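What follows is the residue order along each chain.
There are 2 protein chains.
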Amino acid sequence: MAAFSTRVTDGLLNEIRAIVGDRLTLSQSVRDQHGTDESYHKPYPPDAVVYPRSTEEVSEIVKVCARHKAPVIPYGTGTSLEGHIAALEGGICLDLCEMNAVVAVHPEDMDATVQSGVTRKQLNTQLHNTGLFFPVDPGADASIGGMAATRASGTNAVRYGTMRECVLAMTVVLADGRIIQTSRRARKSAAGYDLTRLFVGSEGTLGVITEVTVRLFGIPEAISSAVVSFNDIKSAVDSVISIIQMGIPIARIEFLDDAGLDAVNRYSGLNFPVKPTLFLEFHGTDAGVKEQAEMVGEICAGNGSGEFLWATKTEERNKLWEARHVAAYAVTAMRPGGKPWATDVCVPISRLADCILETKQDVDASSLYAPVVGHVGDGNFHLVMVIDPGNPDEIAEATALNDRLMKRAIAMDGTCTGEHGVGHGKMDILDAEHGEAVNVMAAVKKALDPDNIMNPGKIVRF
Amino acid sequence: MAAFSTRVTDGLLNEIRAIVGDRLTLSQSVRDQHGTDESYHKPYPPDAVVYPRSTEEVSEIVKVCARHKAPVIPYGTGTSLEGHIAALEGGICLDLCEMNAVVAVHPEDMDATVQSGVTRKQLNTQLHNTGLFFPVDPGADASIGGMAATRASGTNAVRYGTMRECVLAMTVVLADGRIIQTSRRARKSAAGYDLTRLFVGSEGTLGVITEVTVRLFGIPEAISSAVVSFNDIKSAVDSVISIIQMGIPIARIEFLDDAGLDAVNRYSGLNFPVKPTLFLEFHGTDAGVKEQAEMVGEICAGNGSGEFLWATKTEERNKLWEARHVAAYAVTAMRPGGKPWATDVCVPISRLADCILETKQDVDASSLYAPVVGHVGDGNFHLVMVIDPGNPDEIAEATALNDRLMKRAIAMDGTCTGEHGVGHGKMDILDAEHGEAVNVMAAVKKALDPDNIMNPGKIVRF
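Chains as they are written, first to last, in our numbering: chain F, 13 to 474; chain U, 13 to 474.
Just to be clear, a hint being listed does not mean it is correct.
No distinction is drawn between identical chains; accordingly, a pair holds when it is met within one copy or between any pair of copies.
Claimed, not checked - Under the rule of at most 25 Å between Cα atoms (straight-line distance), these lysine to aspartate or glutamate pairs were calculated in the DMTMM-like manner:
(1) 458 x 443
(2) 458 x 188
(3) 302 x 233
(4) 287 x 366
(5) 331 x 270
(6) 246 x 120
(7) 419 x 440
For the record, the hints were derived by calculation from the structure and aren't laboratory data. Predicted, not measured: the structure shown is a model, and the values here were computed from it.
Turn these sequences into a full structure, and let the hints steer you where they fit.
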């Protein structure tokens with residue numbers, strides 16, 4: 013039997029078994045899998061993995077853990093990138109994959125309530141005949157609960173917002189097992205503190221999100237996607253800045269540098285020019301999409317772009333965006349055995365070209381392989397550094413590069429993380445970004461989780 | 013000299029005078045004015061009114077108040093509607109009107125940072141030559157700080173969002189005088205708890221907002237407004253529901269019932285048909301506005317609307333919206349000596365017609381004069397009940413009607429307040445709306461303001 017941390021005892025496990033029966037496992041392989049995210053971070057397996065099926069079961073389990081002061085780590089699909097699911101102090105992992113019911117769809121209100129384990133692709137599949145879709149798209153087929161917990165965004169955020177904007181309400185199990193509803197389904201409210209936004213992005217440290225009500229949007233009458241390449245990074249990013257500043261309601265505007273584009277070409281069997289490239293998507297009426305595309309075309313041409321390669325058929329568009337979405341995997345595949353370390357800064361749009369160009373110089377001066385991909389319409393971009401996790405020199409070099417990048421972004425009035433979250437990977441930099449406000453976060457944490465059992469060791473120090 | 017509450021002593025006043033000099037007044041008339049909002053609520057004057065000029069001065073004053081455990085009540089323009097500025101337990105009113113500097117405009121990032129006392133009209137005037145505007149428009153020329161504190165919205169929210177969406181970051185003085193920045197200027201962030209959204213809508217109960225960074229938007233190429241009347245309320249509201257469900261990006265869509273329209277006609281010297289009426293505004297490119305207007309025209313015609321009365325020139329549009337904005341004053345003027353009591357429910361859009369129609373029946377069965385006006389695109393509407401504050405029977409009748417309305421909205425998964433906030437007027441209903449979540453709000457309040465000096469007696473009980 014595995015060595016448990018002091019707080020996970022046989023007595024605690026038996027109390028949980030009384031709630032969930034055989035939906036508790038101590039299997040080493042399952043525990044290892046649940047301590048491992050998609051990043052370079054070292055795995056920290058939990059002591060046990062439990063598969064609850066309802067908010068009430070989660071509540072009962074958390075009550076048991078609270079009595080024993082045992083850590084509780086909520087788990088969606090394990091696609092996080094900053095060690096959010098690491099059981100740093102052991103504890104009970106709550107894998108919510110069996111809470112995968114779409115509870116209610118209200119097409120007439122353009123919202124849906126789902127259990128936290130529902131993934132974004134599953135939701136969109138189940139919405140298929142409603143004419144509506146859920147837009148937040150981080151690439152990975154993450155769970156809606158996990159996306160809410162990390163305040164995820166992705167390629168559509170420039171038009172439709174992030175989880176901050178797209179979550180209307182949530183059911184949350186608090187650290188003592190109480191169940192709350194953070195808000196109601198009305199589109200706006202001034203009824204007290206905005207608990208919905210407090211729990212969106214709380215990364216499991218304030219409670220377990222068990223149900224999420226999300227906004228839906230009408231599938232546009234017309235959708236068209238394009239790829240356009242530029243001679244240099246500055247021309248591409250300057251085009252993005254102009255497009256955003258002109259208020260063109262573009263749905264997606266994504267950047268890959270030449271290295272990133274090369275990796276995508278190889279991985280996805282494509283043959284786009286190996287140059288700094290924008291992937292674009294337009295949503296609207298037929299006339300609206302045409303008008304947007306013309307305006308964007310003029311801006312890009314003014315910056316010396318190549319021709320637009322259009323994808324209007326659904327299959328072509330899907331292939332194009334699939335290629336963009338697997339960019340991190342494509343880049344990782346360029347170095348067999350390597351692990352991806354995705355940086356995640358976000359800056360005001362006017363500083364984006366400076367931030368990317370200075371960062372590119374920094375990468376060029378290093379020994380690292382680190383293409384740039386990014387949700388540039390939001391001012392957010394990633395270096396996908398592919399590192400050998402067994403090589404301390406390389407990790408030190410990547411750490412230093414990321415530190416400089418985060419400080420550069422903060423100096424530009426930006427953030428160390430646009431969408432990946434803090435986890436335990438970015439706690440140190442949070443002081444530099446937020447200063448005294450970090451103590452306010454800690455005060456909120458202590459008020460809602462005085463024994464620090466909810467995903468301890470993430471976001472704020474206790 | 014006025015009788016002070018036990019905690020506002022001469023010693024405390026002298027300490028504050030040492031910070032602000034003669035920008036502290038004990039004048040009865042000034043105190044009375046600062047205890048009186050625009051609602052039917054009874055005035056509660058503060059013990060003194062202070063006019064700080066900087067975040068640092070606010071911090072020093074709050075530190076003094078914290079030492080003396082004296083209440084601190086932030087004051088913007090006094091246009092609140094739920095007694096937010098009432099000094100229920102006496103205390104020091106911080107009137108932020110002298111903090112009225114636009115600190116920075118970043119046109120290239122489409123944002124601006126202002127001191128809290130800047131009003132929305134002042135900001136838009138100062139933005140005049142940037143091609144940008146700040147869209148949140150509650151009608152009154154409220155201060156940006158006050159609008160952030162009450163999570164205000166208004167006529168443009170259906171397109172541009174409320175203060176929840178339009179505030180990027182804030183400077184806040186906490187209950188012990190510490191100064192924090194809630195966030196940075198990046199458009200999105202996953203860097204810890206969303207303190208910006210926690211303080212938006214906190215009504216001065218968690219700290220004093222001293223600076224606000226807001227999103228700006230490009231002034232659209234084309235703007236056009238229209239008024240259209242219907243034979244009955246249901247036809248008007250059903251048109252709204254269809255417009256929203258079709259995803260038409262309408263900028264404003266406002267409803268007045270026949271009684272409200274009649275009051276507006278009389279007050280503003282207009283002669284629109286005295287029928288249930290929608291005020292509409294379209295923003296976009298020339299072609300986009302035309303397309304939107306055609307789609308909306310078809311929907312309204314399908315519901316038996318009258319002709320659209322168009323206003324395309326700026327002066328015509330301003331006159332039209334001025335008439336809509338003064339609707340509450342127009343309705344109040346119908347009953348000389350009366351005070352307005354504006355209800356504020358917001359429901360999911362599919363329930364809007366039911367909610368308005370059931371409420372209308374309830375009004376018809378009462379003795380009250382209470383026209384309906386509303387931001388119907390968000391599912392939000394107001395009854396403007398004009399009451400005699402000296403008549404207890406009338407107040408009892410209005411109280412009962414509002415209680416039924418709030419419970420009706422909550423039963424429809426809506427909220428008791430879409431935009432006016434809780435103040436001390438809606439604390440009782442908050443339990444019905446939020447249940448256990450109210451205790452989470454109280455825990456946050458206690459963590460950040462353990463001595464309950466920040467605008468005590470609002471939102472949550474201590």
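A quick look at each hint next to the structure:
no., hint, result
1, 458 x 443, "both (18 Å within a copy, 24 Å between copies)"
2, 458 x 188, "both (13 Å within a copy, 18 Å between copies)"
3, 302 x 233, "both (12 Å within a copy, 17 Å between copies)"
4, 287 x 366, "within (19 Å within a copy, 57 Å between copies)"
5, 331 x 270, "within (19 Å within a copy, 54 Å between copies)"
6, 246 x 120, "between (44 Å within a copy, 16 Å between copies)"
7, 419 x 440, "within (12 Å within a copy, 47 Å between copies)"
Checked against the numbered hints given earlier, this structure breaks none of them.
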